[in-house]
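Trainee: What follows is each chain in one-letter form.
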Amino acid sequence: MTSYLIRRLFFGLVTLILITFVIFALVRNMPGTPLTVDLAELDPSRQISQEDLERLENIYGLDKHWSLAYVQWLGNLVTLDMGRSFREKRPVTEVIGERIGPTLVLSVTSLFLAYLLAIPMGLFTTVRSGRMEERALSTFLYMLYSIPSFVAALLLLNLFYVRLEGTVFQLPLGGMMSMNYTELSFTGRIWDRFMHMILPVFCATYGSLAYYSRFVKSNMEEVIRQDYIRTARAKGVGSVRLIWHHAFRNTMIPFVTLMGLTLPGLLSGFVILESVFTWPGMGLLFLDSITNRDYPTIMGLTLMFSVLTLLGQLLADILYAFVDPRVTYS
Amino acid sequence: MSKPPVAEMKASMPPLNEAGQTTASRGFWAESWQRFRRRKLAMSALFFVAFLALTAVLSPAIVGTKPIMVRYKGNIYFPAMSYFNPRWENEIFFRDGFRMHYSENLKAKDPRSWAIWPLIYQDPYRRVREGEWPGHPGNESYMPPNRHNLFGTTHPGVDVFAQMVHGTRIALLVGIVATGIAAVIGIIVGALAGFFRGAVDMVLSRIIEMVMCIPVLVLILALLAVLDTPTIWHLMVVLGATGWTGIARLTRGEFLRLGQMEYVSAARALGFGRLRVMFRHILPNSLAPVLVPISFGIAAAILIESGLSFLGFGAPPPNPSWGTLLNAGRSNLQMWWLILFPGIAIFLTVLCYNLIGEGIQEATDPKLQQGRK
Chain P
0 MTSYLIRRLF FGLVTLILIT FVIFALVRNM PGTPLTVDLA ELDPSRQISQ EDLERLENIY
60 GLDKHWSLAY VQWLGNLVTL DMGRSFREKR PVTEVIGERI GPTLVLSVTS LFLAYLLAIP
120 MGLFTTVRSG RMEERALSTF LYMLYSIPSF VAALLLLNLF YVRLEGTVFQ LPLGGMMSMN
180 YTELSFTGRI WDRFMHMILP VFCATYGSLA YYSRFVKSNM EEVIRQDYIR TARAKGVGSV
240 RLIWHHAFRN TMIPFVTLMG LTLPGLLSGF VILESVFTWP GMGLLFLDSI TNRDYPTIMG
300 LTLMFSVLTL LGQLLADILY AFVDPRVTYS
Chain A
0 MSKPPVAEMK ASMPPLNEAG QTTASRGFWA ESWQRFRRRK LAMSALFFVA FLALTAVLSP
60 AIVGTKPIMV RYKGNIYFPA MSYFNPRWEN EIFFRDGFRM HYSENLKAKD PRSWAIWPLI
120 YQDPYRRVRE GEWPGHPGNE SYMPPNRHNL FGTTHPGVDV FAQMVHGTRI ALLVGIVATG
180 IAAVIGIIVG ALAGFFRGAV DMVLSRIIEM VMCIPVLVLI LALLAVLDTP TIWHLMVVLG
240 ATGWTGIARL TRGEFLRLGQ MEYVSAARAL GFGRLRVMFR HILPNSLAPV LVPISFGIAA
300 AILIESGLSF LGFGAPPPNP SWGTLLNAGR SNLQMWWLIL FPGIAIFLTV LCYNLIGEGI
360 QEATDPKLQQ GRK
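From first to last, the protein sequence lines are chains P and A.
To convert, note that position 92 of the first sequence is 91 in numbering that gives the first Met the number 0; the numbers rise steadily by one, no gaps.
To convert, note that position 179 of the second sequence is 178 in numbering that gives the first Met the number 0; the numbers rise steadily by one, no gaps.
Here chain P stands alone, though its shape is the one from the complex:
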């Protein structure tokens, strides 16, 4: 197990270096630098002089060839220094750290809701397999699964923001809190947050709901045909206990793997949704940093997303050996 772990970690490190190298090269070769992008927004009369531009490029290390800059970036990374954001003029770790919270609020709530609803639905569709109500629910979930979240988000905004404007059902356009948030009472604040969360959480949840419940169903269908289920039934085990205790518990292995694989999605899965709802999370930060050519932030986010993906896969494999004694890596 230990040697397996070491080998995996080694390959993970190589992968990380390769990925960051490629992305670094691409990012540094994008047309425009953070300095020129910033300048384009200013009026032409206040153009920066050539000497000043060169001085700034020197300070930010933009005058070096990108491969040298990459080595420098890697070197700084060893000391846990990801550089300073051009845009925010603060350390990248600080900028990213601020955005983790909002994204986690969105993703953890939606993941929790999805599991809470998907497991009963999956079990229900297994028990009622082939009947009218199961067909109806499965078809409905399948259709939900195929609606792109940004389409749903726009339609819901059209309904709840535009059409229901002025009624009690109106929901906010985006963001995490209203403008007058600081003036609100404590319960008012909670209510305000709740109202802002309804649409983003709904859009983030409905698709995975269908996915997870189908996942539960397909695993259950395999288990439910096993001999030990028939034995349990023959022994007179009640149907609820049979499904929950004897069958569902035995589908936990693929479930655990799935959980490991959803780990990276917790922080990077909602780029488009965050952009629609201007939710101040990692996804929005990523899009903003690309348009602003904020190299250090892009690299910091890329590194984080890749590390999480690698960790998720590793975690899935380790958990796999942990819950299933038949699996060993020695």
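Please keep in mind that the hints were generated in silico from the structure rather than gathered at the bench.
Backbone N, C-alpha and C fix where the C-beta goes; we use that ideal spot for every residue, glycine too.
Don't take every hint at face value.
Ranges of calculated distance between the beta carbons of each label pair, as one might list FRET restraints [claimed, not checked]: (1) A:Tyr-262 / P:Val-322: 16 to 26 Å; (2) A:Pro-143 / P:Glu-53: 22 to 32 Å; (3) A:Gly-311 / P:Phe-168: 22 to 32 Å; (4) A:Gly-252 / P:Met-131: 31 to 41 Å; (5) A:Phe-346 / P:Gly-237: 37 to 47 Å; (6) P:Met-131 / A:Ala-268: 46 to 56 Å; (7) A:Val-183 / P:Met-194: 44 to 54 Å; (8) A:Pro-143 / P:Gln-169: 41 to 51 Å; (9) P:Leu-262 / A:Gly-252: 46 to 56 Å; (10) A:Asn-74 / P:Ser-66: 37 to 47 Å; (11) A:His-135 / P:Phe-20: 54 to 64 Å; (12) P:Phe-20 / A:Pro-143: 27 to 37 Å; (13) A:Met-260 / P:Leu-116: 22 to 32 Å; (14) P:Gly-74 / A:Met-260: 49 to 59 Å.
Dock chain A against the given chain P, drawing on the hints supplied.
Mentor: Chain A in isolation, oriented as in the chain P frame:
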């Protein structure tokens, strides 16, 4: 599933001819096709995709402002073809200063000319002005659906229906080309890893794992930003170059399994070359499970393309894409027709490819059929 058991049994028995002798039983693919055809949902999905493909091919004939066929100064031309590729516009129309406006110029410059026009006179790239076409009042900006603009118009008065019909081309092309590239890479890598095993497998598996870790969205956005003029083709290549890992893993697994079979040993013993064994003997038998992720992959590629266009990172603006329309709808939330129609189009297309994938899975996977009996 409620299926007539008699039909099931008949299908599984070798068919008898009139003399009562058994004829050759149908092959795997014919058998699978039979099973696929019985699934109504999958079949209607297949028909819908065929309908979309037809729309894409015939888009210049359905809606456009360029004649499908025209006789001008004694020659026959097909100006509508330039919707597929702007370079196919015949240069005589440039020389005579048509500037994309055929309806007024044709009669003015050659009174004896005649033309066959598309079904609906609207353009996916520009607004149709007043007096351009008899009885057409000209497009206004932000018109809700009406008699002349079936699905309404966008800000510069461009017809939404025209953009959607012409956008079908991009949606289908992205899905098929991107997944095609992914399938070719995935099948080759998976086949090599599964066939040669050992060190080759080790190296290729590590590569598969590496590619799986690439944050695709980061790569696409960075790459599209690097290119001076990103086109839809670049997007397809990136999607294809990153989306092959699932297919490779499946192919590898199938090759590992089939490589153990007696018929493969027999083929080798007969002295067939490695390539022949790989591609003639193993590949056809491992293709069925690989078709499933391909179908799902097409759906995913269409989703990513529309998502990128929606964010404003997709194909450059003049290209009509469903996602671009959604992008316009995003800043004009009250204009529901900019959201609803392209939204439905993306939804139906994705749904159909998913249903087809599901149908293939159930039709070709022997495990699932045993479960049904």
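Trainee: Output the numbers, in ascending order, of every earlier hint that fails for this structure.
Mentor: 1, 2, 8, 9, 10, 12 and 13
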